[in-house]
Structures are given as structure tokens and as C-alpha cells.
Amino acid sequence: GAVVSQHPSWVICKSGTSVKIECRSLDFQATTMFWYRQFPKQSLMLMATSNEGSKATYEQGVEKDKFLINHASLTLSTLTVTSAHPEDSSFYICSALLAGATYEQYFGPGTRLTVT
Amino acid sequence: QKEVEQNSGPLSVPEGAIASLNCTYSDRGSQSFFWYRQYSGKSPELIMFIYSNGDKEDGRFTAQLNKASQYVSLLIRDSQPSDSATYLCAGGSNYQLIWGAGTKLIIKP
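From first to last, the protein sequence lines are chains A and B. Going left to right, the first sequence walks through residues 94 to 209 as this note's numbering numbers them. Going left to right, the second sequence walks through residues 2 to 110 as this note's numbering numbers them.
FYI, nobody ran anything at the bench for these hints, they're computed from the structure. A few of these clues could be false.
Once the Cα atoms are required to be at most 30 Å apart in a straight line, the calculated DSBU-like pairs of lysine-lysine come out as [to be verified]:
id, chain 1, residue 1, chain 2, residue 2
1, A, K107, B, K3
2, A, K107, B, K43
3, A, K113, A, K159
4, B, K68, B, K57
5, A, K159, B, K109
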């Protein structure tokens, strides 16, 4: 149980283009999902909290117009990196919240984005 | 500022020994604590969670929480080479988690 998928697993795009990453909770409903970014040999950095049916909450320093988040259903959240630049190249990971007494987060396998 | 601190390591442990990973937190309001394992190039995987003072055991893993001292630990018994990974500690209230930077664990055969 508590499986989260992410698609694509890796993507290469040209500078200036946009890339959409999907995050799905496969066997549970997730009203809340999270998007993280992780650079090599660094820890997770929370980018935003995505709530179904409402606007995402972005962490300080994360450009909401560049990283568009949509959480249109209880099992799907998407992250669109708009006008991507080489410095956006990173490992993007989503997690879905299993709400209950302890609020565990279950992570998707991640998407490795390379912007050329 | 709310923080979760971990020694970055690497922590080197012989195969078959007990690996002890520690984490301290600053926010006394934190109620739930989580240990995640992350292999290189992969996403984090939940190992254990704990929210009551004391010990919680699951197979070879034991999580320990001491709210008075504000520390959380993870013990791995009979360490295996496959346990070599970075271990992330996170704590918080409801779903607002603060993440540690992780401890790299190396199990030597």
C-alpha cells in the first residue's frame, strides 16, 4: 500500500521550453502532496505544498510563476517547470500525504530533469 | 528557526554490528518523527515513524524518541551492506515537517 508514481522518470529539454511532471497516488487518496527538489549530494528542499482544489503554497524563494503546480484531483498533482534554464536541472521528487494520526509522506521515484 | 540536525557522516559500521543514527530537533511542538532511507540517485523510502516517548521496534530497526531531550535515534541491528544509504530524519506537527540533512551510513563487509 501507499504507492506513489511519478512520470516521467527522466527528461531532457532545451532551455526556454516547459516541462510537466506528474505525481499520482496509486492506492490512496491524497488531499495534500509535496514537491521537493534535490541537487547532487544535498538534502531535500521543499518547494511547495499542493492541496487538492486550492492553490499551492510555495516556500520562500521558490518562484510560483516558474514552477506551476496543479492538484486537480485526489490522486494527481502536476508540476510544470516553465521557461526552463540549465540551473533548473535537478532531481524533482513528489510525495503524497497519508493523512491520519501520524501523517506519513510517501515519495514517488523522482524525475531527473536536465535542461540543455 | 525550527531545525532538525543530523551528523552528515559518513558513519562506518562493520557488517553485523549495530548502527546508531541520531537526530536532534529544536521545535518542542513537534509531535511526529520519521526516518527515511535514501539510496544514491533514488527517492526517500519511509523506514519508521514514532510519536510517543520510548522505543518502537520493527524488525531490525528500532526508533527511539526522547521529547525531554529533543532527540530521536534509529538503531539498525545486524547491519547489512544493503543498509548503506543516507538516512533522513524529519519531525513536525501534522504534515509540516522539518527535514534533517541526512547521515550517510556505510556498512563494511
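Results of checking the hints against the structure:
Among the hinted pairs, K107(A) with K3(B) is inconsistent with the structure: their alpha-carbon atoms are about 38 Å apart, more than 30 Å. Proposed proximity of K107(A) and K43(B) is supported: the alpha carbons are some 24 Å apart, at most 30 Å. Between the alpha carbons of K113(A) and K159(A) the distance comes to roughly 12 Å, so the proposed pair stays at or under 30 Å and holds. Note on K68(B) and K57(B): the hinted pairing holds, with a Cα-Cα distance of about 14 Å set against a maximum of 30 Å.
Restraint check for K159(A) and K109(B): not satisfied, since their Cα atoms lie roughly 44 Å apart, outside the 30 Å limit.
The earlier numbered hints that this structure contradicts are 1, 5.
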